[in-house]
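Student: Which chain is which? The protein sequence lines are X and L, in order. Position 127 (the first sequence) corresponds to 127 in the numbering used here; numbering is contiguous. Position 115 (the second sequence) corresponds to 1115 in the numbering used here; numbering is contiguous.
In short, the hints are calculated from the structure, not lab data. Everything numeric in this text was worked out from a predicted model, so none of it was measured. One or more hints might be untrue.
Away from chain X, derived, C-beta distances all over 10 angstroms, residues of chain L [claimed, not checked]:
| hint | residue |
| --- | --- |
| 1 | Ser1066 |
| 2 | Glu1089 |
| 3 | Asn1164 |
| 4 | Pro1257 |
| 5 | Glu1317 |
Using 30 angstroms as the maximum straight-line C-alpha spacing, the simulated DSS-like pairs for lysine-lysine come out as follows [said to hold, decoys possible]:
| hint | chain 1 | residue 1 | chain 2 | residue 2 |
| --- | --- | --- | --- | --- |
| 6 | X | Lys116 | L | Lys1203 |
| 7 | X | Lys160 | L | Lys1073 |
| 8 | L | Lys1159 | X | Lys121 |
| 9 | L | Lys1014 | L | Lys1167 |
| 10 | X | Lys160 | L | Lys1160 |
| 11 | X | Lys116 | L | Lys1228 |
Negatives, chain L to chain X, calculated, CB over 12 angstroms [as the list claims (entries may be wrong)]:
| hint | residue |
| --- | --- |
| 12 | Lys1014 |
| 13 | Pro1023 |
| 14 | Lys1025 |
| 15 | Glu1026 |
| 16 | Asp1033 |
| 17 | Lys1059 |
| 18 | Lys1073 |
| 19 | Asp1101 |
| 20 | Asn1147 |
| 21 | Ala1168 |
| 22 | Pro1267 |
| 23 | Lys1272 |
| 24 | Glu1287 |
| 25 | Gly1292 |
| 26 | Thr1334 |
Backbone N, C-alpha and C define an ideal beta-carbon position, used for all residues, glycine too.
There are 2 protein chains.
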Amino acid sequence: MIDPWGSSNVDYEKIVEQFGIKPFKELLSDINDPHWLMRRGIIFGQRDYGRIVEALHKKQDFAVVSGMMPSGKMHIGHKMIVDQILWYEKNGADIYIPIADMESYSARGVDFEASKELAIKEYITNYIALGLDFKKKNIQVYLQSKNIMVNDLAYILSKKVTFNEMKAIYGFHGSTNMAHMQAPLIQVADILHPQMDELGGPKPTVVPVGPDQDPHIRLTRDIADRFKNQYRFVVPSSTYHRFITGLTGGKMSSSQPKTAIFLSDTPEEAEKKVKTAKTGGRESLKEQKEKGGDPSNCVIYEMLLYHLIESDSALEEIMENCKNGTIMCGECKTQSAELMKEFFVKFSSRRDKALKEAEKVLDSAQSC
Amino acid sequence: MIDPWGSSNVDYEKIVEQFGIKPFKELLSDINDPHWLMRRGIIFGQRDYGRIVEALHKKQDFAVVSGMMPSGKMHIGHKMIVDQILWYEKNGADIYIPIADMESYSARGVDFEASKELAIKEYITNYIALGLDFKKKNIQVYLQSKNIMVNDLAYILSKKVTFNEMKAIYGFHGSTNMAHMQAPLIQVADILHPQMDELGGPKPTVVPVGPDQDPHIRLTRDIADRFKNQYRFVVPSSTYHRFITGLTGGKMSSSQPKTAIFLSDTPEEAEKKVKTAKTGGRESLKEQKEKGGDPSNCVIYEMLLYHLIESDSALEEIMENCKNGTIMCGECKTQSAELMKEFFVKFSSRRDKALKEAEKVLDSAQSC
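Only chain X is shown next, with the shape it has when bound in the complex (with noise of 0.2 angstroms):
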């Protein structure tokens, strides 16, 4: 297995041992041709996933939810979670694809109108342009603000949770508004609502986050477990995975343009960003050819590691090269520079088909 450690500043072994996530890698072995994300150590962490990989490994029902909340431009590091749900769609997953109006709503003010134009323009576009299929009958995405399943589902589980505790798990106060206080359950309700019986009943769900939506993720379970009796719910897995570096080392944010490449940027816009990325190089030509580069502090490794190298002897051949000083950061960057040219070249040209199905997937996907 590759390491891909990178340049995040989220330590993420501490986030292992300090919550209780299991390592993702004892359960590797088990899964037939795993995700890369999976093999590279990019998913790093995982509660109950044993029950996904039997799953896979009997054909079972099972779901996957990875909810989207529209807030801002897709980068490439959001990728990753549409890379994901492709391969649990072509693994026999039901996928679930809660928009999240209501919590953009509560945290950021957006109106659920703009949720809704931005979701269509940016976010599912985006989906279908890397690849995901909203045609196919296992694959539901839908507003939180138009589903009145979840809504009456949130309501229901609402009853077995205390003020108390959403304090302790969110640090609400006294000031905090209703809105804020209920959007973490019409969260619990979407990952949970797959097992109703109208949706085939109670399965295993795996929901991949990264590690910060933790929290959600241990409330959606304590409250599977309140309900068992009433809905028989399978308590969900979760896998958490590490987030990609920005351009400048730092996090990569929609909300700093520096820092990120934009899906929606011109293939040529995307070579020159990659270009001005932060590299593990050393201070001078000499001693990097002395000592080698620093993958694990390179931003463009890790534009390589997650999304550009299909293959990972390729992908171990350029670290080889680049820890031993037989290549230089310049070639490296061009030669990156130019792998990502060509993705967008491709990907912008099915984002501009891909807007006009956009726009009918959610009026096909709303019933209630």
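Starting from the known structure of chain X, fit chain L onto it as the hints suggest.
Tutor: Using the frame of chain X, we list chain L on its own:
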């Protein structure tokens, strides 16, 4: 105006003073052909009812919101609500009847399916038998749990309400469950949603309630004001009615069968129950002939006042004959029991037919 001062334990005059509810009688002379519950002071208080009076005069759009909470059986006291709705419907109002299944779940643990069944078999059936025609286009009845517009509006409005505020109004605390905390906000949305553009936009709205519901009214009025710019809400009006006294002199309550005449009682049962009711009679016939009876402390008199005698002058005559000792309780009871029986003979046969119609009401009303 006949003074209906009943034997209730509620000090209605104090309520009017303490909470800033205005006396209803101030507006009575401005209303054409007022409802007998208005004329007789059973509707004793109001907030901003001038808006409704104006809408009535100018024949402008206005709405009435009157919820039903499906819990237990309807008794004769509940008939008063339907009588008011019928009057408003005749006077051109849009009628909205939320079925509070969400509140029934969080407050009493009744699940949505049970609420729906009870709403149909008991409440809607009685409403129809009492004269309400749900086939009319200006009458909307809905289950809260199936109305996405109401749920969405509740969530949107919740953003400008804090936990501290809910705590101050309802006495919520840290161990209050989250569904219970949300229920009043659903009610706020019940009351305000007729003013959404999809339903004709801002309009005066009146909510006829008992004084115990005033906290909801005040919360709704405050929230309407906070969202004035966004939705151009007209701050809703309210009226307050007295409660009919139970057969034993205390509260009439569905959960205490000895206190109540149920709408599902047979004519004979109802007749018999009237004969058992507490009256305002004296210790002895002799004393009563000398001092007269006390209609202000008589359940029988209330039955006549609220339900059984249409003509104010006929009612006044009975009151006078009681007060001056001309009519004794036995005779009055027999006559009243006969009137009650007559009402139930007609009502029961309508009720049997109404059930079939009731079963279709929610199916055709449900849309989201």
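Student: Could you run down the list of hints and mark each one as holding or not?
Tutor: Against the structure, the hints come out as follows:
| no. | hint | result |
| --- | --- | --- |
| 1 | Ser1066 | 22 angstroms, holds |
| 2 | Glu1089 | 28 angstroms, holds |
| 3 | Asn1164 | 4 angstroms, violated |
| 4 | Pro1257 | 29 angstroms, holds |
| 5 | Glu1317 | 53 angstroms, holds |
| 6 | Lys116(X) <-> Lys1203(L) | 28 angstroms, holds |
| 7 | Lys160(X) <-> Lys1073(L) | 28 angstroms, holds |
| 8 | Lys1159(L) <-> Lys121(X) | 26 angstroms, holds |
| 9 | Lys1014(L) <-> Lys1167(L) | 24 angstroms, holds |
| 10 | Lys160(X) <-> Lys1160(L) | 24 angstroms, holds |
| 11 | Lys116(X) <-> Lys1228(L) | 24 angstroms, holds |
| 12 | Lys1014 | 31 angstroms, holds |
| 13 | Pro1023 | 34 angstroms, holds |
| 14 | Lys1025 | 37 angstroms, holds |
| 15 | Glu1026 | 36 angstroms, holds |
| 16 | Asp1033 | 41 angstroms, holds |
| 17 | Lys1059 | 34 angstroms, holds |
| 18 | Lys1073 | 25 angstroms, holds |
| 19 | Asp1101 | 10 angstroms, violated |
| 20 | Asn1147 | 8 angstroms, violated |
| 21 | Ala1168 | 10 angstroms, violated |
| 22 | Pro1267 | 40 angstroms, holds |
| 23 | Lys1272 | 41 angstroms, holds |
| 24 | Glu1287 | 56 angstroms, holds |
| 25 | Gly1292 | 54 angstroms, holds |
| 26 | Thr1334 | 50 angstroms, holds |
The structure shown violates the earlier hints numbered 3, 19, 20, 21.
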